[in-house]
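Given the structure of chain W, go ahead and fit chain H onto it with the hints provided.
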Amino acid sequence: SQQGEEDPQALSIQEGENATMNCSYKTSINNLQWYRQNSGRGLVHLILIRSNEREKHSGRLRVTLDTSKKSSSLLITASRAADTASYFCATDAIQGAQKLVFGQGTRLTINP
Amino acid sequence: NAGVMQNPRHLVRRRGQEARLRCSPMKGHSHVYWYRQLPEEGLKFMVYLQKENIIDESGMPKERFSAEFPKEGPSILRIQQVVRGDSAAYFCASSPRGSASGANVLTFGAGSRLTVL
Numbered sequence: 001s002q003q004g005e006e007d008p009q010a011l012s013i014q015e016g017e018n019a020t021m022n023c024s025y026k027t028s029i030n031n032l033q034w035y036r037q038n039s040g041r042g043l044v045h046l047i048l049i050r051s052n053e054r055e056k057h058s059g060r061l062r063v064t065l066d067t068s069k070k071s072s073s074l075l076i077t078a079s080r081a082a083d084t085a086s087y088f089c090a091t092d093a094i095q096g097a098q099k100l101v102f103g104q105g106t107r108l109t110i111n112p
Numbered sequence: 001n002a003g004v005m006q007n008p009r010h011l012v013r014r015r016g017q018e019a020r021l022r023c024s025p026m027k028g029h030s031h032v033y034w035y036r037q038l039p040e041e042g043l044k045f046m047v048y049l050q051k052e053n054i055i056d057e058s059g060m061p062k063e064r065f066s067a068e069f070p071k072e073g074p075s076i077l078r079i080q081q082v083v084r085g086d087s088a089a090y091f092c093a094s095s096p097r098g099s100a101s102g103a104n105v106l107t108f109g110a111g112s113r114l115t116v117l
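Chains as they are written, first to last, in our numbering: chain W, 1 to 112; chain H, 1 to 117.
If you are wondering where the hints come from, they were derived from the structure by calculation, not from laboratory data.
Cβ coordinates follow ideal geometry from the N, Cα and C atoms, glycine included.
A portion of the hints provided could be inaccurate.
Unchecked claim - Cβ pair distances, simulated, as ranges:
1) W:Ser58 - H:Leu38: 42 to 50 Å
2) H:Gly16 - W:Gly59: 44 to 52 Å
3) H:Ile54 - W:Ile94: 17 to 25 Å
4) H:Leu117 - W:Gly40: 34 to 42 Å
5) H:Gly85 - W:Ile13: 32 to 40 Å
6) W:Thr64 - H:Ile54: 33 to 41 Å
What the hints assert, rightly or not - Subject to a maximum C-alpha distance of 25 Å in a straight line, what follows is the list of computed BS3-like cross-link-like pairs (lysine-lysine):
7) H:Lys62 - H:Lys27
8) H:Lys44 - W:Lys70
9) W:Lys26 - W:Lys69
10) W:Lys70 - W:Lys26
11) H:Lys71 - W:Lys26
12) H:Lys71 - H:Lys51
13) H:Lys44 - H:Lys62
14) W:Lys69 - H:Lys44
15) H:Lys51 - H:Lys62
As the list claims (entries may be wrong) - Computed, partial: chain H to chain W, Cβ under 7 Å:
16) Tyr48
17) Pro61
18) Phe65
19) Ala110
20) Thr115
21) Val116
Here chain W stands alone, though its shape is the one from the complex (with noise of 0.2 Å):
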C-alpha cells in the first residue's frame, strides 16, 4: 500500500510552542501535500513539496522531505489555539493511480 503514516497520532503543545508531525509512506512519489482538517470539516491543502524538492515554507509552516527514507515532517512554529485540527499528509505515487493516498492523521490540540 502506497498509504502515508503520520506520527504522532496525537499531540498536544501549549501555545506558542512549534509542532512538529511527520509522515512515511511507501512508494516512490511525484509530490507530497498536507492537509488540515477542522473538527466536522473537509480538508485544506496547506503546502505541496515536489519530490526534487527538500524543504518547503509557507508563512508559519515548514515542510521537509526526504525521499530516500520515504518520510517528511510538517513544522507549525509559534503554534495558536486555532491551529488545533488533524493534519493530513498525501501522496501522488509515479506510477498506475492518479489520485492522493491520505495517511491516518495527526491529531494536534494547542492549549492556551
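Showing chain H alone in chain W's frame:
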C-alpha cells in the same frame, strides 16, 4: 465562486434503504474524487471520475456502491441497501486536472455524514 458543494450534509437512513450523495465540483474542475472517513480515521479513497468516465474505482466496494459524473449535473455516489457499517463521512473533492498533468491539489467539500440506523 462557490467551492465544492456537497449535499445533503447529513443523511439518516435505515438498514436496507438507499443513500444518494451529491457533489458539485468547483467551477472549471472536471475531476471528482470521493473519499470515506470513519470517526478518528484518515480518508480512504473510493473513486475518481471525470465527466462521463470512471477513471479509478479501486477503492469502492464491488457491491452496493456506484458512482457517476454525468455530462450535466453533479456527481452522485449511490449506496444501495445500506448497512450500519456504511455510516461515515463521505467527502468529495475536485481538481482542474488529474495528476498525470501535474501536481494534483484537491479542493474538498464539507462532506456528507451518513448515519445508518
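Practice prompt. Could you check the structure against the hints above and give me the numbers of any it violates, in ascending order?
Written response: 1, 4, 7, 11, 17, 18, 20 and 21
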